[in-house]
Amino acid sequence: MTVLVYLEHADGAVDEPSLQAVTLARSLARAASVQAVSACGDSTQAPADGLGGHGVDVLHAAMHDAFATYAPRAIAETIAELAGRLGAAAVIGPGTERGNEVLAHVAALLDLPLAANCVSASGAEVTRIRWGGSLLEEARVDASPLLLTVQPHALAAQVGAQGTATVESFTPSLSEAALALRVVERAAAATGGVSLADAKVVVSGGRGAGSAEGFGPIEELAGLLDAAVGCSRAVTMAGWRPHTDQVGQTGTKIAPEIYIACGISGATQHMAGCKGAKRILAINADRDAPILQSADYAVIGDMHEVVPAISAALRAARP
Amino acid sequence: MTTLASALALLVALAVAGVLFGRRAHLLYRIVRLGKPTDRTGDAGRRARTEATVVLGQRKLLQRVVPGLVHALVFWGFVVLLPTILMALLGAVDEDWTLPWLGHQGWYLLLVDVFCVLVLVGVIAAFGIRKVQRPARFEGSHLREADLILGLIAVIVTTLLLWHASQIALGIAEWPAGWSPLSNAIATAMGDGAWLETGERVFVWLHVLTILSFLVYLPYSKHLHIGTAGINVWFGRTRSRGRLEPLDFEVEDEAALRLGSGTLVDMTWKQMLDTMSCTECGRCQDVCPAWATGKDLSPKLLIMGLRDRLFAEGPAVLDGREPTALVPAAVTDEVVWDCVTCGACVHECPVSIEHVDHIVDLRRHLVMAESRFPAEAGTMLRDVGRSSNPWGKPQSERAAWADGLGVRVLEPGDPAPEVLYWVGCAASFDERARASARATATLLLHAGLDVGILGPRESCTGDPARRMGDEFTFQEQARRNVATLGEAGVTRIVTSCPHCFNTLGSEYTDFGGSYEVVHHTELLAELLADGRLEAPEGTDPITYHDSCYLARHNDVVAAPRAIVSRIGRPLEMARHGKRTFCCGAGGAHMWMEERGSAINEERAREAAATGAETLAVACPFCTMMLDDGVRQTGSGLRVADVAVLLAEAVVPASGD
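One line per chain: the protein sequences are G and Y, in this order.
Position one of the first sequence corresponds to residue 562 (this note's numbering), numbered consecutively onward.
Position one of the second sequence corresponds to residue 3 (this note's numbering), numbered consecutively onward.
Among the hints, a few may not be true.
To be verified - For the chain G half of the interface with chain Y, some residues (derived, Cβ under 10 Å), not all of them:
#, residue
1, R768
2, R794
3, Q810
4, M832
5, S872
6, R876
Claimed, not checked - Chain Y regions said to be covered by chain G (calculated; three or more residues, Cβ under 8 Å):
#, region
7, 368 to 381
8, 620 to 633
It is worth saying that the hints were derived from the structure and are not from the lab.
Virtual Cβ for every residue (Gly too), placed ideally from N, Cα, C.
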């Protein structure tokens with residue numbers, strides 16, 4: 562049987578999750594043929610180096626202008642066409658964001674089920690990861706070809722096969738619909754700097770901020786500390802900040818060196834989102850606020866006075 | 003027309019109506035038979051009582067006095083007038099024919115006159131409600147269908163009166179005409195013209211044909227409930243309303259494994275019957291906290307959506323076609339997740355539709371078969387399974403609230419306490435809710451009870467996972483807790499959390515755990531009544547918020563009020579007792595982002611409007627939600643658990 566693997570590549574090298582997909586393909590195909598397909602803007606991009614060692618027999622370098630950028634539907638049509646031509650018994654891709662997207666398009670085109678994030682496969686029986694890793698599901702997929710993606714880093718990419726992969730170029734016949742979906746422009750995330758989840762310092766405001774404008778001093782302090790700005794659920798409910806800023810169990814979980822919580826009472830759901838913080842500084846007018854139970858440092862006072870005072874002191878201390 | 007010709011004409015009319023009605027009824031029956039099994043046998047006595055009060059007594063409808071009376075008039079009229087249908091069928095064949103005995107009873111014909119008037123009054127009032135008052139609960143209902151049905155009822159009753167009057171005018175009435183004041187008056191007005199003979203025939207045939215048209219129209223309309231509601235009420239739940247039907251994961255045949263409702267064939271036959279019983283009255287929509295705060299969910303539209311799908315797809319499925327997914331075609335994802343499982347809709351429904359069960363089954367399929375649920379709730383599901391509490395707190399801190407209080411933390415092998423205090427995750431970990439755990443424990447110890455807690459061995463009951471549709475995680479938690487409680491030899495449990503109260507008391511019996519479970523307000527009220535706790539009479543104005551899982555799902559209404567009325571001056575909110583309004587946390591919404599306006603703020607405003615200074619609660623989740631709501635709306639109410647308020651008021655019993 563022939564198994565077709567979709568490879569993601571950059572700068573002439575195949576990504577690790579794609580090589581892991583090849584390894585799973587080999588275990589599925591036994592001694593038979595593992596062929597691969599990669600989308601290339603031109604022939605110089607075909608990532609053939611070392612593929613033979615991973616057990617790939619043939620690399621089909623699909624050439625099309627559309628592949629100069631990421632074009633999931635076009636890649637999917639290419640894979641579907643090639644799979645049909647090869648009579649592939651299975652089509653496998655890496656379970657990355659893009660791999661899952663491309664294979665989902667393939668599944669839609671062929672009107673077949675897709676088993677995403679598999680960790681092993683034997684015939685039509687697959688084991689796959691569900692629920693953010695808390696559950697392993699054993700499933701049987703009744704489809705031909707079998708469509709799978711492989712959970713990244715769940716198995717190691719194996720080398721040691723003898724041989725080299727021959728490269729064959731392939732020009733897909735793409736529909737107009739396939740070309741409609743393409744990258745038009747790339748823009749950096751508009752958060753204006755540090756991401757909340759990775760920030761070393763986070764300054765958050767709660768209901769005590771009083772209004773959207775009340776975040777002015779918090780943003781100022783965050784700017785001085787090179788920190789990300791966060792907020793509590795009460796703030797997003799009130800519409801003062803977007804949900805992407807919310808720290809909490811139902812928002813972003815953070816793990817900064819220091820978390821400065823201003824006017825935040827410290828509801829359990831909020832504290833569940835900042836339990837990764839090494840140190841917590843609470844600024845709160847209410848001496849009984851629950852957050853004081855978890856805070857390492859606290860200032861009892863109106864955040865509208867305390868926060869600007871800290872900013873002023875920081876400015877004064879800096880040359 | 004001769005008697006023979008009339009009889010033939012009637013037979014033809016009956017046959018046509020019978021075939022049209024029968025074909026539709028048979029189809030509906032076959033669709034219901036597609037449904038999955040659910041055990042609704044047993045409890046015949048209780049079912050009969052419910053049938054008597056809810057159907058005959060119109061108890062649920064009369065929760066709203068005016069529209070309830072309007073319906074009751076028409077319904078009772080329908081019951082009383084039923085024999086007149088037979089009389090009319092006989093009379094249509096031959097003007098001298100009527101029912102033996104009953105057709106000659108003056109008192110019965112008096113009743114007929116009286117109920118004809120009452121039904122007409124009911125119909126006119128119903129039109130008044132629909133056309134003049136136009137309550138919001140009808141939003142989304144089929145209004146023209148209702149108009150047509152009311153019109154048909156009016157025609158049926160009017161032709162009955164006219165027929166009886168013409169019989170009297172002709173002197174062919176089979177009963178002492180003096181008993182029929184209204185028919186008599188109409189007869190007098192009719193005079194003795196030559197048209198009467200024909201008129202009498204026209205009236206009786208118009209009457210009979212309208213009834214037959216009504217019969218044929220019924221199963222094609224929302225008025226189907228005339229046939230189905232009585233059956234649906236009979237098969238309604240008889241066990242605790244807070245209990246969800248467990249799924250069986252241990253089935254031998256994997257094809258029989260049911261993971262909630264993915265398509266219509268996954269629905270139980272009772273759920274199918276539910277959809278066919280709905281009359282679109284909108285009482286459920288009117289009390290729904292999600293609908294009231296601008297969310298997509300209306301329990302009425304949910305049931306209508308499922309019914310439409312059932313009728314659209316049912317016939318094809320019976321012919322062997324594969325059914326399609328219910329979500330999002332019949333019901334959108336948003337609707338499924340908006341529900342707080344407060345059960346207000348179920349409590350309100352006059353025909354025993356079990357909306358919450360529908361929602362939970364739809365969730366079960368989305369969560370367990372498709373992993374499709376609001377992403378922000380995923381952490382909670384994982385933490386319940388991994389960390390034994392929904393916030394992922396370390397179990398070692400579970401008993402930290404009790405430091406210095408002298409509560410016995412039960413180690414394995416310790417003797418069982420007189421009463422086990424099941425604290426619950428919220429009161430164990432949340433700073434605001436811990437106050438109620440401290441107050442409860444202090445009061446119980448003060449009253450001299452031997453009370454113990456499980457500490458780190460206590461684990462989430464699984465309630466939030468179950469209400470999210472993650473039945474699998476729930477059952478794991480249930481089995482684990484039942485084992486722990488069994489090992490500890492526990493027989494009597496007091497809980498702070500109404501959700502734990504419901505789960506331990508009403509749901510763990512399905513997993514082999516049977517205990518006497520009381521809520522802390524019940525135990526404290528008992529100790530107060532026995533004099534083991536003493537508190538001076540208070541005068542502060544307090545309004546008490548009923549938790550859905552305490553009041554509506556488990557009938558605990560009086561005990562918290564007994565405490566509140568001792569320590570303060572109780573003020574009731576408009577929505578209280580079993581018709582309370584949710585705080586917004588139920589159905590795992592504590593761990594979901596809320597769309598639309600906030601339920602807790604709506605409730606906090608209602609509480610503030612009573613003029614009370616204190617908002618008493620008896621649930622840690624209500625405490626958190628309403629405290630937030632009060633802060634957000636800025637009313638300055640103090641939100642406190644009944645136990646906290648009682649602890650502040652209690653003085654040592656004499657000789658203590």
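Next on the checklist: Tell me if the interface restraint on G/M832 is satisfied: Cβ within less than 10 Å of some Cβ in chain Y.
Outcome noted: Because about 8 Å separates G/M832 from the closest Cβ in chain Y, which is inside the 10 Å limit, the hint holds.
Checklist entry - Against chain Y, with CB atoms and a cut of 10 Å, does the hint on G/R794 hold up? => result holds (8 Å)
Item to check | Coverage of the region 368 to 381 of chain Y by chain G, judged on three or more residues with CB within 8 Å | outcome: Coverage by chain G holds for the region 368 to 381 of chain Y (5 residues, Cβ < 8 Å).
Checklist entry - Once the shortest beta carbon distance from G/Q810 to chain Y is found, is it less than 10 Å? => result OK, holds: G/Q810 within 10 Å of chain Y, min 5 Å.
Item to check | Given hint G/R876 near chain Y, where the shortest CB pair must fall under 10 Å | outcome: violated (33 Å)
Item to check | Coverage criterion applied to the region 620 to 633 of chain Y (partner chain G; beta-carbon cut 8 Å; 3 residues) | outcome: It holds: at least three residues are needed, and the region 620 to 633 of chain Y offers 3 whose Cβ sits within less than 8 Å of chain G.
Next on the checklist: The hint names G/R768 as touching chain Y; please verify it with the least Cβ-Cβ distance against 10 Å.
Outcome noted: holds (6 Å)
Checklist entry - Can we keep the G/S872 interface hint, with Cβ of chain Y closer than 10 Å? => result violated (26 Å)
Hints 5, 6, counting from the list given before, are not met by this structure.
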